[in-house]
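A.B. asks: Read off the chains here:
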Amino acid sequence: MSGLGNPGRTLGRVAASGSLAAVALVVTITIGLVGVPPDAAQGDVQRIMYVHVPSAWLAYLAFFVTLVGGVRYLWRRNLAWDRVAAASAEIGLVFTGVAILSGAIWGKATWGKWWDWDPRLTTTAILFLIYAGYLLLRASIVDRHRRARLSAVLGVVGFVNVPIVHFSVLWWRGLHQAPTVIRPGDPTIDHLLLAVLMANVASFTLLYAWLLRRRIELETLRDRTEITLEPSP
Amino acid sequence: MSLAADVAALAAKDIRIELRTRQASGAAAALGAIALVLVGLAVGPDADRLRQLAPSVIWIALLFATVTVADRFERIDRADDAFSALWLVAADRRAIYLAKVVSLTLVLGLLQVGLWLLAVALLNLSLRVELLALLPIIWLTAWSTASVGALALALVSAAAHRMLLLPVVLLPLLVPTLVAGVGASVALLDGRIADAAGWGTILLIEAALFCGLGILLYEAAAAPE
Amino acid sequence: MTDPGFILAAYTVVLGGLGGYVVTLDRRGRAARRLLEAVARQQATEPGDERPNAPASDVDPNTGASDAEGRGPGR
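Chains as they are written, first to last, in the working numbering: chain A, 7 to 239; chain B, 1354 to 1578; chain C, 7 to 81.
The hints are simulated quantities; they were obtained by calculation from the structure and are not laboratory data.
A couple of the hints might just be wrong.
Said to hold, decoys possible - Derived DEER-like restraints, expressed as beta-carbon distance ranges:
| no. | chain 1 | residue 1 | chain 2 | residue 2 | range |
| --- | --- | --- | --- | --- | --- |
| 1 | A | Leu-200 | B | Ser-1409 | 38 to 48 Å |
| 2 | B | Leu-1470 | A | Arg-230 | 23 to 33 Å |
| 3 | A | Met-204 | B | Val-1390 | 32 to 42 Å |
| 4 | B | Arg-1375 | A | Trp-117 | 48 to 58 Å |
| 5 | C | Arg-39 | B | Ala-1513 | 33 to 43 Å |
| 6 | C | Arg-39 | A | Phe-70 | 40 to 50 Å |
| 7 | B | Ala-1383 | A | Val-166 | 30 to 40 Å |
| 8 | A | Trp-81 | C | Leu-14 | 24 to 34 Å |
| 9 | A | Leu-141 | C | Arg-33 | 37 to 47 Å |
| 10 | B | Leu-1485 | A | Asp-149 | 43 to 53 Å |
| 11 | C | Arg-36 | B | His-1514 | 26 to 36 Å |
Said to hold, decoys possible - Covered stretches of chain A (in silico footprint by chain B; criterion: 3 or more residues with CB under 8 Å from a CB of chain B, positions within the stretch not fixed):
| no. | stretch |
| --- | --- |
| 12 | 24 to 32 |
| 13 | 88 to 99 |
| 14 | 124 to 136 |
Note that the structure is predicted; figures quoted are calculated from it, not measured.
All residues carry an ideal CB built from backbone N, CA and C; glycine is no exception.
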């Protein structure tokens, strides 16, 4: 199988080892915590951005990979792509969970409340529910190919839903409440802080690639066990 | 037969069954009415508060009623392996999906009309001419909900614990429809016709998008194996 | 809570959550590997196997299970 057609080999090139991700994370998180000055408006609490924002972005990336894996499965009916989709969905759910929790903590620190129906937080929460449903659906179907097919469909519909949810909540919030002045993840940030943020996004991405590889290995082992247990035709 | 004729025939079958048994609509109407009464009791007799909450309550009641309606339709389809037979004989399987969307839209639309009328009485809504503008909003949300619902039904039909899984899969996907439906009805109740028209446009786009997705993906979702 | 408290809480949630996931992934991987090995061993020692040195006894030397207990669970 060509490099483009074999997802495992492609990921292997991207994430050489967990050590690379670990070192990158330690370096970028340390810089974020102690190596750069605090934000002028929010103070030190803005440093939460360096773990919250990458978690949220990786959640979206992970679900995009689930979409791609699902579409590739529906196109070629190759279970390797289903394994990629399923693995990425689970990892995406973990990143979504930590993004929501860290976002709530940041919100409490800046807005004084844990939840504000901020469009980004709300969309992330709906994303969590959609992909929790995706994993629950997978868990309740025994046949491998049927599970792959149905998950792929839900992966496509779920991902398409995300921007629609985001814009819906943005407009809905616009009707109900004036936007606050200080909000987490304000896009107009200093160039240095932005660079540190991008560095953290990069190290989180390395972590994601390594986790994906490990999770695909687990999925492959499970599939092999299923195949071994299947009665002979 | 053409696609339209197939859709009409299959939708007519669903509607005929529903008219004879009233399984789906009866249970859904009861659930919706109970939801309205319970909210009224929970919120208290404050007329202004009830009026403010009315659109949200109606849409939430509708979402839960959708799960009931969808489940009942599915049970009828799957009884005696009727769906497998239909799948084998259908010339164009998109007709099966579109027929399901049509019949669900009809039932959900009528259910909403009933809920709004009940809300006029229970939640102290005043009847105004502007409320007639609710009718297109009602049918657009019904169409959007039905498009997602028909696809979600196909996804969970093969799963264990189907009845538990259906709301978990379906309801998060209905969030955009819920938000737009509430937005449009709040705007209408406040007399802001322009805002309501904006939300109505969003609903139209959502319904068309979800229906289009459903047409593309239904065969992958529903194929019995 | 002070600023350092919020920062500590957020970093703990993110790094702890991801770290916890790494640990569970490792555990699940080892459990899956053990299961696959056990299943493969069981399949290899079942009667009807064409291997020339298959034991005459119907008791599986690895698990102690006899053939009368049937095959492993299907899915």
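A.B. asks: Run every hint past the structure and note whether it holds.
C.D. replies: Hints, one by one, checked against the model:
Distance hint check for A:Leu-200 and B:Ser-1409: the Cβ-Cβ separation is about 39 Å, which falls inside the suggested range of 38 to 48 Å. The given range of 23 to 33 Å is broken by B:Leu-1470 and A:Arg-230, whose C-beta atoms sit roughly 59 Å from each other. At roughly 54 Å, the beta-carbon separation of A:Met-204 and B:Val-1390 lies outside the given 32 to 42 Å, and the hint is violated. Distance hint check: the CB atoms of B:Arg-1375 and A:Trp-117 are about 49 Å apart, consistent with the given range 48 to 58 Å.
Take C:Arg-39 and B:Ala-1513: their Cβ atoms lie about 27 Å apart, and the range 33 to 43 Å is violated. A hinted range of 40 to 50 Å is violated for the C-beta pair C:Arg-39 and A:Phe-70, which are about 30 Å apart. Taking the beta carbon of each, B:Ala-1383 and A:Val-166 are about 33 Å apart, inside 30 to 40 Å as hinted. A hinted range of 24 to 34 Å for the beta carbons of A:Trp-81 and C:Leu-14 is inconsistent with their spacing of about 46 Å.
For A:Leu-141 and C:Arg-33, the hinted distance range of 37 to 47 Å is not satisfied, since their beta carbons lie about 18 Å from each other. At about 50 Å, the beta-carbon gap between B:Leu-1485 and A:Asp-149 stays in the expected band of 43 to 53 Å. About 29 Å separates the C-beta atoms of C:Arg-36 and B:His-1514, a value consistent with the hinted range of 26 to 36 Å. For the stretch 24 to 32 of chain A, the stated coverage by chain B is violated: 0 residues have a C-beta nearer than 8 Å to a C-beta of that chain, whereas at least 3 were required.
Counting residues of the stretch 88 to 99 of chain A whose CB lies closer than 8 Å to any CB of chain B gives 0, so the stated coverage by that chain is violated, three being the minimum. With 3 residues bearing a CB less than 8 Å from a CB of chain B, the stretch 124 to 136 of chain A meets the requirement of three and the coverage assertion stands.
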